[in-house]
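Visitor: For reference, the chains in residue letters:
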Amino acid sequence: MTLQHTPLSYEDRIFKNLDGSGDWSIKGYQERGGYDGLKKILTTDTVEIIDTLKQSALRGRGGAGFPTGLKWSFMPKPTKERPTYLVCNADEGEPGTCKDRDILRNDPHTLVEGMIVGCYTLGAKTGYIYIRGEYYDEANRLQAAIDEAYEAGLLGKDILGTGVCVDLHIHLGAGAYICGEETALLESLEGKKGQPRLKPPFPAGFGLYGMPTTINNVETLAQVPPILKKGVKWWTQFGNPNNHGTKIFSISGSVNKPINIEAPMSITLKELIEHYAGGVIGGWDNLQAVIPGGSSTPMLSAENCQDAVMDFDSLMQYKTGLGTAAIVVMNKDVDLLRVMKRISGFYKHESCGQCSPCREGMGWIYQLMNDIYHGKADISDIDKLEDLTHRIDGHTICAFATGAIWPVQGTIRHFRHLMEQKVQPKKTASKAKTKKSA
Amino acid sequence: MSSVRIVHEPADKVRDIYTWSKSAKAEVKKILAKYPKDQSRSAVIPLLHLAQREFDGWLPTKLMNLVAETLDMPYIRVYEVATFYTMFNLAPVGKYHVQVCTNCACMIRGSDKILEAVEKLTGAKAGESSADEMFTVSEVECLGACVNAPMMQVNDHYYTDLDAESAKEVLTALKEGKTPKVGSQVKEAS
Ligand code: FES
Chain A
1 MTLQHTPLSY EDRIFKNLDG SGDWSIKGYQ ERGGYDGLKK ILTTDTVEII
51 DTLKQSALRG RGGAGFPTGL KWSFMPKPTK ERPTYLVCNA DEGEPGTCKD
101 RDILRNDPHT LVEGMIVGCY TLGAKTGYIY IRGEYYDEAN RLQAAIDEAY
151 EAGLLGKDIL GTGVCVDLHI HLGAGAYICG EETALLESLE GKKGQPRLKP
201 PFPAGFGLYG MPTTINNVET LAQVPPILKK GVKWWTQFGN PNNHGTKIFS
251 ISGSVNKPIN IEAPMSITLK ELIEHYAGGV IGGWDNLQAV IPGGSSTPML
301 SAENCQDAVM DFDSLMQYKT GLGTAAIVVM NKDVDLLRVM KRISGFYKHE
351 SCGQCSPCRE GMGWIYQLMN DIYHGKADIS DIDKLEDLTH RIDGHTICAF
401 ATGAIWPVQG TIRHFRHLME QKVQPKKTAS KAKTKKSA
Chain B
1 MSSVRIVHEP ADKVRDIYTW SKSAKAEVKK ILAKYPKDQS RSAVIPLLHL
51 AQREFDGWLP TKLMNLVAET LDMPYIRVYE VATFYTMFNL APVGKYHVQV
101 CTNCACMIRG SDKILEAVEK LTGAKAGESS ADEMFTVSEV ECLGACVNAP
151 MMQVNDHYYT DLDAESAKEV LTALKEGKTP KVGSQVKEAS
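Heads up: the sequence lines are chains A and B, in that order.
Under this note's numbering, the first sequence has 20 at position 20, and the numbering climbs by one with no breaks.
Under this note's numbering, the second sequence has 72 at position 72, and the numbering climbs by one with no breaks.
In short, the hints are calculated from the structure, not lab data.
Owing to the predicted nature of the structure, the values given are computational and were not obtained by experimental measurement.
A hint or two may mislead.
Claimed, not checked - Calculated lysine-lysine pairs in the BS3-like style (CA-CA distance at most 27 Å, straight line): (1) B:LYS187 - A:LYS125; (2) A:LYS157 - B:LYS29; (3) A:LYS229 - A:LYS54; (4) A:LYS230 - A:LYS319; (5) A:LYS80 - B:LYS62; (6) B:LYS30 - A:LYS125; (7) A:LYS80 - B:LYS37.
To be verified - Stretch-level coverage of chain B by chain A, calculated; a stretch enters the list once three of its residues show a Cβ under 8 Å from a Cβ in chain A: (8) 98-108; (9) 111-119.
Glycine included, each C-beta is placed from N, C-alpha and C at the ideal position.
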C-alpha cells in the first residue's frame with residue numbers, strides 16, 4: 001500500500017528499544033543518546049519547562065489525554081511542611097493495553113530519565129512508581145535500571161553536580177484494575193483499599209499523604225525529556241494540532257503480527273493495522289470491528305475503520321476515543337458478542353464496590369449481556385440494557401463506570417442486529433412468562 | 001472486589017507460629033525505608049506480598065496478624081486490604097499457581113484452548129487445585145501482555161505467545177522440577 005504517513009525515523013523514536021532487540025541497560029540507553037542533555041534540563045528554569053510542555057500540547061498517554069503541561073502547572077511550590085510528590089502510574093490493566101510493560105522491561109531508562117526531569121520540575125524529592133503487582137519481572141528490571149542510575153550519579157543527592165536530589169521507589173500493587181484511577185492509586189499507595197476519592201480536592205492540592213501530588217502515566221513521563229531536548233517544533237511536526245507527538249499503539253487480536261509500535265499521532269487506523277501489524281487475518285475485507293483504545297472505548301465498525309484517524313480529537317466523531325491506544329482487532333471469525341460479554345464480566349469483577357450504581361449496575365449489565373448472548377433474554381432486554389447504561393453513567397465517584405458502559409453502548413450501536421438474532425421475540429417470551437406465573 | 005470472598009482456612013495448613021526470618025526482617029526494613037517515617041502503613045501491600053512469598057503462598061489470618069503487628073496497624077485494616085486485592089490468596093494454593101488470561105485479546109487468539117490444555121494437564125478446573133497440590137488453576141483478567149496473547153502467568157513469571165502445546169510443555173517442565181524459559185514461547189522469539 002502507498003503510505004499516507006512518513007514512518008518515524010530511528011532518530012525520531014523515543015522508545016528505540018521497545019522491541020527489546022537491543023540492550024536495555026544504562027550502557028545501551030546512553031549509546032542510544034539517553035541522558036544526553038539531562039544536566040542542561042536540570043539547570044533550566046522550571047517555569048520554562050512547563051511552558052515548553054504546554055506549547056508541545058503533550059497529552060497524557062494513560063487514557064484520559066489531559067494536557068501534561070497544564071497538569072504540572074497546577075502544582076504549588078514545595079515547602080518544608082508540604083513536600084510535593086511525583087507518582088508514576090504503571091498500573092497497566094485496561095484490557096488490550098500492554099505498552100508500559102514493554103517500556104518497563106525493554107527501555108526502562110526512558111522512564112527513569114522522565115522521572116528525574118518530572119521530580120525536578122515539580123520540586124519533588126521523592127518519586128514513586130506504582131507498578132501492577134503481576135509485573136514482577138518487569139519491576140525487577142526497572143529496579144535494576146534505577147540501581148544503575150544511582151550508581152552513575154543520576155539519582156540520589158546532587159545529581160550531576162546540579163544540586164538536584166531525587167529518590168525513586170517502586171511500589172507494587174496487588175491486582176486491582178481500579179488502582180489505575182489516580183486517586184485509588186494514591187489510596188493504595190497509602191496502604192488502603194484502592195477506592196477512588198471524591199474530587200475536588202484534586203491531587204495537586206491534596207494528593208499522596210495529603211501533599212501536592214502529580215500522577216502521570218509511564219509513556220507520558222518518558223516522553224518529556226525528548227520534548228525538552230529536541231524542542232516543540234520537532235514534537236509538533238507529528239500529528240494534528242492539539243494531538244501532537246509520537247505514540248505507542250498496541251495492536252492485538254485478529255492481526256497477523258500483533259505488535260507494540262511507536263508511530264506518529266494522527267496516523268490512520270488502517271495503516272497501523274496493514275503496515276505495522278501484518279494486516280487483518282483473512283484480509284481487510286474480513287474485518288468485523290475494532291476496539292480503538294482499550295476495552296473502555298466503544299468499538300468502531302469495519303466501515304468506520306476505513307478512514308478512522310488515530311488521535312484524541314479525531315476519534316470523537318465516531319463517539320469513541322483514543323484511550324490507551326490499545327487496538328483490539330476482531331475479524332469476522334470472532335464471536336464478537338462473546339468478547340463483549342467477557343469485557344462486561346471484567347468490569348463486574350473490577351468494580352471497587354464503593355458506589356451503588358456501579359457495584360450493582362455492573363452485575364446487572366453482565367447478567368443482561370450474558371442472557372442476551374445465551375438467548376435467554378427477549379428483545380426488550382436490549383433496550384433495558386441500553387437504558388441501564390444511561391442510568392449508571394455520571395452517578396459514580398470515578399470514571400470507571402463510564403468506561404464500563406461505553407463498550408456496551410458501542411456494541412448496541414453497531415451490532416444490535418447480532419443481539420436481536422440471539423434474543424427471543426418479545427411476544428413468545430412474555431407469553432411464556434405469563435404461562436409460568438399463571 | 002464486588003464478589004464476596006468467603007474462605008475456609010484448613011487447620012492442617014496453618015502453622016502454629018509465624019515469625020519473620022532474619023532475611024525477611026532485613027527486607028521489611030528495606031521496604032519501610034521507602035516511605036516517610038509516619039506513613040509506615042504504606043508498606044502493608046509490600047509486606048503482604050513478602051509474607052505470602054515467605055510462608056506457603058497464601059495468607060492465613062495469623063499471618064495477616066503478623067503483618068499488622070509489624071506495622072502497628074489494627075488487624076481489620078490489614079484484613080480489608082488483603083481481601084480487596086486479588087493477588088492475595090486467602091486459601092492455600094498449589095506449588096504452582098497457573099493463571100490463564102481469558103480477556104479479550106487472549107480470547108480472540110485462542111485462550112479457550114490454553115485453558116483446556118492447562119486443565120487437562122493439571123487435572124484441575126479453573127478455581128481448583130490438583131489433587132497432588134502441585135497446581136492451582138485460575139482464570140484471570142488481562143495481564144497486560146496482549147500483543148503476546150494468549151498467555152499465562154505461573155507464580156511470578158509470564159509465559160507468552162502460547163499454543164496448547166507450548167503451554168503443556170511449560171507446565172510439564174515445572175512439574176519435573178525443570179526451569180522452562182520465561183517469556184515468549186515462540187521458537188524464534190518475537
Ligand atoms: S487480554 Fe490477555 S493479556 Fe491482555
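Visitor: Take the hints in turn and mark each one as holding or not.
Guide: Tested hints:
no. : hint                : verdict
1   : B:LYS187 - A:LYS125 : 45 Å, violated
2   : A:LYS157 - B:LYS29  : 21 Å, holds
3   : A:LYS229 - A:LYS54  : 15 Å, holds
4   : A:LYS230 - A:LYS319 : 34 Å, violated
5   : A:LYS80 - B:LYS62   : 40 Å, violated
6   : B:LYS30 - A:LYS125  : 18 Å, holds
7   : A:LYS80 - B:LYS37   : 15 Å, holds
8   : 98-108              : holds (count 6)
9   : 111-119             : violated (count 0)
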